[in-house]
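Asks: One line per chain: the protein sequences are P and H, in this order. Going by this note's numbering, the first residue of the first sequence is number 0, and it counts up by one from there. Going by this note's numbering, the first residue of the second sequence is number 12, and it counts up by one from there.
Simulated pairs of lysine-lysine, DSS-like, Cα-Cα distance not exceeding 27 Å: (1) P/K331 <-> P/K216; (2) H/K76 <-> P/K219; (3) H/K76 <-> H/K171; (4) H/K76 <-> P/K331; (5) P/K216 <-> H/K76; (6) P/K219 <-> P/K331.
Treat the hints as calculated values from the structure; they're not laboratory data.
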Amino acid sequence: MALLQISEPGQSPVPHQRKLAVGIDLGTTHSLVAAMRSSVPEVLRDAQGRALLPSVVRYLPDGVIQVGFEARAQQAADSLNTIASVKRFMGRSLDEARREGVTYEFSDAADAVRLRTVQGDVTPVEVSSRILAALRERAEGVLGGELVGAVITVPAYFDDAQRQATRDAGRLAGLTVLRLLNEPTAAAIAYGLDHGAEGIYAVYDLGGGTFDISILKLSKGVFEVVATGGDTRLGGDDFDAAVVANVVDEATLQALGKGDRRVLQVAARAARETLSDAQTATFRAVLADGREIARDIGRGEFEAWAQPLVQRTLDRVARTLRDAALEGRQVKGVVMVGGATRMPLVQREVGRLFGTQPLTDLDPDQVVALGAALQANLLAGNPTPGEDWLLLDVTPLSLGLETMGGLVERVIPRNSTIPVARAQEFTTFKDGQTAMSIHVVQGERELVSDCRSLARFELRGIPPMVAGAARIRVTFQVDADGLLHVSAREQSTGVEAAVSVKPSYGLSDDDVAQMLAAGMANAGSDAQARALREQQVELGQLAESVRAALSADADLLSAEEQGAIDRCLARADQALAGQDIDALRQAAHELSQATDSFAARRMDRSIRAALSGKTLDELAK
Amino acid sequence: MASENYFQLFGLPSQYDIDAAALEATWRALAARVHPDRYATAGAAERRVAMQWASTINEAYRVLKSPLDRARYLCEQAGCDLQIESNTRMDGAFLMRQMEWREQLDEARDGGSLGDFDALQADIEASRARMAQDMARLLDQERNYAQAAGKVREWMFIEKFAQEVLDARHALTNRQH
Numbered sequence: 000m001a002l003l004q005i006s007e008p009g010q011s012p013v014p015h016q017r018k019l020a021v022g023i024d025l026g027t028t029h030s031l032v033a034a035m036r037s038s039v040p041e042v043l044r045d046a047q048g049r050a051l052l053p054s055v056v057r058y059l060p061d062g063v064i065q066v067g068f069e070a071r072a073q074q075a076a077d078s079l080n081t082i083a084s085v086k087r088f089m090g091r092s093l094d095e096a097r098r099e100g101v102t103y104e105f106s107d108a109a110d111a112v113r114l115r116t117v118q119g120d121v122t123p124v125e126v127s128s129r130i131l132a133a134l135r136e137r138a139e140g141v142l143g144g145e146l147v148g149a150v151i152t153v154p155a156y157f158d159d160a161q162r163q164a165t166r167d168a169g170r171l172a173g174l175t176v177l178r179l180l181n182e183p184t185a186a187a188i189a190y191g192l193d194h195g196a197e198g199i200y201a202v203y204d205l206g207g208g209t210f211d212i213s214i215l216k217l218s219k220g221v222f223e224v225v226a227t228g229g230d231t232r233l234g235g236d237d238f239d240a241a242v243v244a245n246v247v248d249e250a251t252l253q254a255l256g257k258g259d260r261r262v263l264q265v266a267a268r269a270a271r272e273t274l275s276d277a278q279t280a281t282f283r284a285v286l287a288d289g290r291e292i293a294r295d296i297g298r299g300e301f302e303a304w305a306q307p308l309v310q311r312t313l314d315r316v317a318r319t320l321r322d323a324a325l326e327g328r329q330v331k332g333v334v335m336v337g338g339a340t341r342m343p344l345v346q347r348e349v350g351r352l353f354g355t356q357p358l359t360d361l362d363p364d365q366v367v368a369l370g371a372a373l374q375a376n377l378l379a380g381n382p383t384p385g386e387d388w389l390l391l392d393v394t395p396l397s398l399g400l401e402t403m404g405g406l407v408e409r410v411i412p413r414n415s416t417i418p419v420a421r422a423q424e425f426t427t428f429k430d431g432q433t434a435m436s437i438h439v440v441q442g443e444r445e446l447v448s449d450c451r452s453l454a455r456f457e458l459r460g461i462p463p464m465v466a467g468a469a470r471i472r473v474t475f476q477v478d479a480d481g482l483l484h485v486s487a488r489e490q491s492t493g494v495e496a497a498v499s500v501k502p503s504y505g506l507s508d509d510d511v512a513q514m515l516a517a518g519m520a521n522a523g524s525d526a527q528a529r530a531l532r533e534q535q536v537e538l539g540q541l542a543e544s545v546r547a548a549l550s551a552d553a554d555l556l557s558a559e560e561q562g563a564i565d566r567c568l569a570r571a572d573q574a575l576a577g578q579d580i581d582a583l584r585q586a587a588h589e590l591s592q593a594t595d596s597f598a599a600r601r602m603d604r605s606i607r608a609a610l611s612g613k614t615l616d617e618l619a620k
Numbered sequence: 012m013a014s015e016n017y018f019q020l021f022g023l024p025s026q027y028d029i030d031a032a033a034l035e036a037t038w039r040a041l042a043a044r045v046h047p048d049r050y051a052t053a054g055a056a057e058r059r060v061a062m063q064w065a066s067t068i069n070e071a072y073r074v075l076k077s078p079l080d081r082a083r084y085l086c087e088q089a090g091c092d093l094q095i096e097s098n099t100r101m102d103g104a105f106l107m108r109q110m111e112w113r114e115q116l117d118e119a120r121d122g123g124s125l126g127d128f129d130a131l132q133a134d135i136e137a138s139r140a141r142m143a144q145d146m147a148r149l150l151d152q153e154r155n156y157a158q159a160a161g162k163v164r165e166w167m168f169i170e171k172f173a174q175e176v177l178d179a180r181h182a183l184t185n186r187q188h
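Taking the hints into account, I'd like the entire structure generated from these sequences.
Replies: Given below as structure tokens:
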């Protein structure tokens, strides 16, 4: 990664070289990868021509790991070692994962979720990274080169821990995650750019495991999310579960094993999908003990079972419209996303609520990946003649702190445009108090116990003062990925102590580094040679860009600073002359550190220049 | 890094009366310049600075767009301490008004009539409009920040109450569903 290159916004420093970047829809039931090909986004298919990759990973006793169709075919036969719908566990605590009521064995070793397989315990992040790695290989094969980065989509309603986990999975799969993009927003990009849409649009996204509703304002190339809402525990899988529940209830089946439950789920899904086109479907399943269940289900009957679930989504839609201060009829169009929106019942009910026929002309399974590919291409800096757009997304959930009495003090309300930074001042409660415990929560409720706990940390070293005299400023920063960083400092004395939030159930940077290192150690000599070459190229580019930056903006540096940078450059040249990968890494790390504040000052100067002296007319072009 | 006056940042005169359309158009233009998406492949330092600038611009827009927050911001910029925590002194007539509103809310809640809520919300809307007029006069013409600060505190009460009314109304409509 070139540290000091600043090019014009949206432009590549090397204009004619197209950088390969992909959009990945990491779904609960299946995943897709898409990329720009001859200036249109396209889903990349596997050797058999299939677009969807089932989000299923199977761990075999001999160390082999299967991903996709192969794994899914063995789901019922080898249910414990075959992990499906892992997205439901991302960023979740063990308790929460157990409540999902699924068929896996969890390890009790830690508070974090670990799934038991014949290859040992695996985390949801690791399982997801296998899916992502399979998609990366597919993309590199089809596109014929290495990827510079990927945009991975997440449900808009994902909280901080779920986003962190997704980002970690991407890194673990060897991807540079350019951005986490909300699924409905991705769909809006694909739809809006395709149709030149202007006005207020809604995206109704009912996936395999999650439901999202987003309201967007589209105008002159700006996609502004006005409000978003949803339910991370409601999706197509729940409709299948409703079918299973009714059939099982009726057949008075007892003592079902975990394998049987999976068999029934698969049968329910097949019946539900058939019912989207046909008036009746046959539910057919053979249980482990040889019992066979066959039963016809009529569409009307299924819709009666499904109605309460659809109603739950409609309630969320109504709340989100309220947040946006809009009425259903002000919405110009509703984009349907996710395979579950193929259900006629869903289309009918959504159409009734908005008073307009839902838009289904883009494949609801592909539209998210296509939008992500468009965004990835833009972020990678590939010039797209005549096409430039800006995405302004929001935080899905309010962020706050615990205060006296277990109450939540909201610092950033939901639906704030990101990136956003907001600070709040607090004070000490007791005389002479020198430490303060800071508890960060996410959610809309008044009580801490009803919200999701994101992190706890302590600010220490507060100088002893009378109660109420200390001024502790806590700053929340949400970046463009929707990830939160919290820091705290005592203001009145200038004593500073800042801590960044580590997600309660995520991986630390060290964990990820360790996992990546372990992967490298197992890789062959080819991979090591490739890593050496990459490191050489990276350091070479870095040194070159630092020299270019020095010749342009050396006035921003003091003599000492410049001296330190020069020394690092000399060491970089030395490392580049050798073949020692650790020395190269070390030199790159030192040079980055030595130039960090220089790079920040140059960037600040560049932004100030871009902002100043422009009248509104000039800015708006 | 980005610690400038929000009005200057947006190239707008530092006053209460604001051109809402110009504010929104400027926000979009500025956000387009500094959004981290424009620097997604740049180094960590560049991305950090872009994020800070984008955050500042979004925060500035939020403050300037909201009539109450804009008034607060102008008072603070003029060096006037709003004493939100410490000063609970309220104008007598305003206190009476508050009490009447509370009673009306209780009645609307108990009676379960949307009409009562409509009347209350129309009342709140009228108070907001009066507040906005007072602010324009106090801040832009008389530059009486101390008195404006008092009005800001009253207005904060109104907004808090407006939220309560909204919540009660939603609770009612949810029950009726």
